[in-house]
Amino acid sequence: MAIASAPGRNRDHFIIPALIERIGMDAVIVNEIRKSFNSYPAVDGVSFSIKKGEVFGFLGPNGAGKTTTIRILSGLLKPSSGKALIMGNDVVKEPVEVKKVIGVVPETSNLYPELTCFDNLVFAGRLYGMKSEKVKTKADELLTMFGLGEKRNALFSKLSGGMKRRLTMAASLIHEPPVLFLDEPTTGLDVMSARALREIIQSLKQKGTTILLTTHYIEEADRLCDRIAIIVKGRIIVIDTPEALKKSVSAVNPSLEDAFIEITGLKSELMFQEKEGGR
Amino acid sequence: MKDALRAAFFIALKDMKTYYFKPPNISWGILFPFVFVLAFYLRNPVDFSPLIPGLLALSLLFGTTSMEAIVITFERMTGAMERLMLYPVSTLTILAGKIAGGAFFGISVTAVLLLGLFFIFPLDIANPLLLFVSIIISSAAFSALGAFVSVAVKQVFEAQTLANFFRFPMIFLSGVFIPVSALPPSLRPVAYAMPLTYSVDILKVSFGYTAEILPTAVSLAVLLAFTVVFLALSVKIMNGRMT
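So the sequences go chain by chain: A and B. According to my numbering, the first sequence is numbered sequentially starting from 1. According to my numbering, the second sequence is numbered sequentially starting from 1.
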């Protein structure tokens, strides 16, 4: 089990040559990213990398720093320090290039309520520089793929929560991005809608899309993710495969939930005791 | 550059489809200028003509700033602005698109007003080209002012209220009803700091009146400068939120 290294050390001179070496293999490389709001460290020295085609889960309680990390990687927030590369592009120095290669499904379904499903997808495609005919074909293809063909001309505001979520995901895929960020994609959805979205995530994985998934649902992470990072109070305390995480805990025949509770309960406590002691 | 212009065009087009007939836009951007013009006409139909350039400028001001208050604050509230920021376009491009959409709305309302007046009065347009250019540049400057006001607040009503803080003094100090030269000397510097003053001045010239403030070309340049400054400040505020 790989325990994340202690934050707070400036290791750029060691890390950067290693980062360059990994660019070909990894779709996402995050190195010692920090973000503070009014001196509160929301993200506190987070480092991880995601291999091309991997589904990487971000598990953690509310306020752990999952969404802030995704917002930094999406170019919506500037980190206070640290470096992140997506398909070799620096999120701070090359935000436009980064946005060309990512699709983002934010926590809230924020497409345009007054536009139809089809028009929402076409608008998204046009902003990615797609030509009119291509974007229209792709929009219809996505509407079919997401089971929204019959809602093609329905206003976004008239859709159910599950349909809104599916359309938001479809909009993030219009330009066929190699990297997808999914922030709590199934939160608040009914069982069938959540299941449909999970199946879509599986099929995207099979097509080779690299996915960073944040979720509260431990079973969802267990089922979908190749590796999982557990993040608590802005710090990653462990990164490993679901199986290895389960094996690492003392419970008999443990589930990922047992592992999550034990790891977050013990490791975070130890880590913060250490942090307090260091002050 | 070409990609940025294309993206700005699609943003403006989407705003036109989506927001032109939102209720606050109808009341402040369409009804208010029409009621204003009608009120002044009914009060004094005989001496109404000299007021027309100023009223057209007011129509542009209210049309554009109301539209910006809607498109920017509404999208910030719904999270749609954040979605725009996820596309591979700069903040400058997004705001340029928003300003273009607002400017087009102001131009449309004013064009309808102008056509209406044309059927009532024998309008004597001395320089149609200057009228056209003045309307375009004024609407860009006012729309950029609207964007600047709107990026600073969260709610549509806050944007309209803050916009009125700028709009209402301009009605009285920018030469719409009282020439700037007739204002008390202490108020004239305030008038010179207002974009509406230059807009009214060049619109008056296009209707055959004499320029009161600056030569026409200089007034046009001042309005362009206002556009650039308001746009730059809006971009700075929006980007500041990312840190």
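Certain hints may be false.
Claimed, not checked - Only some residues are given here: those of chain A computed to face chain B with a beta carbon under 10 Å: (1) L76; (2) L127; (3) L159; (4) M163; (5) H216; (6) Y217; (7) R227.
Bear in mind the hints are in silico, worked out from the structure with no lab data behind them. Just so we're clear, the structure is a prediction, and the values are computed from it rather than from any experiment. Note that CB positions come from ideal geometry on N, CA and C, so glycine has one too.
Checked hints:
A least Cβ separation of about 6 Å between L76 of chain A and chain B falls short of the 10 Å threshold, and the interface hint therefore holds. Of the supplied interface hints, the one on L127 of chain A holds, with its beta-carbon coming within about 4 Å of a beta-carbon of chain B, less than 10 Å. Restraint check, L159 of chain A versus chain B: the minimum CB separation of about 14 Å is more than 10 Å; hint violated. The criterion of a C-beta within 10 Å of any C-beta in chain B is not met by M163 of chain A, whose closest approach is roughly 17 Å, and the hint is violated.
Taking 10 Å as the C-beta contact cut-off toward chain B, the hint placing H216 of chain A at the interface is violated, the least distance being around 20 Å. Taken as an interface hint, Y217 of chain A does not check out: its beta carbon lies about 22 Å from the nearest beta carbon of chain B, beyond 10 Å. Residue-level restraint check for R227 of chain A is violated (minimum Cβ-Cβ distance to chain B is 25 Å; threshold 10 Å).
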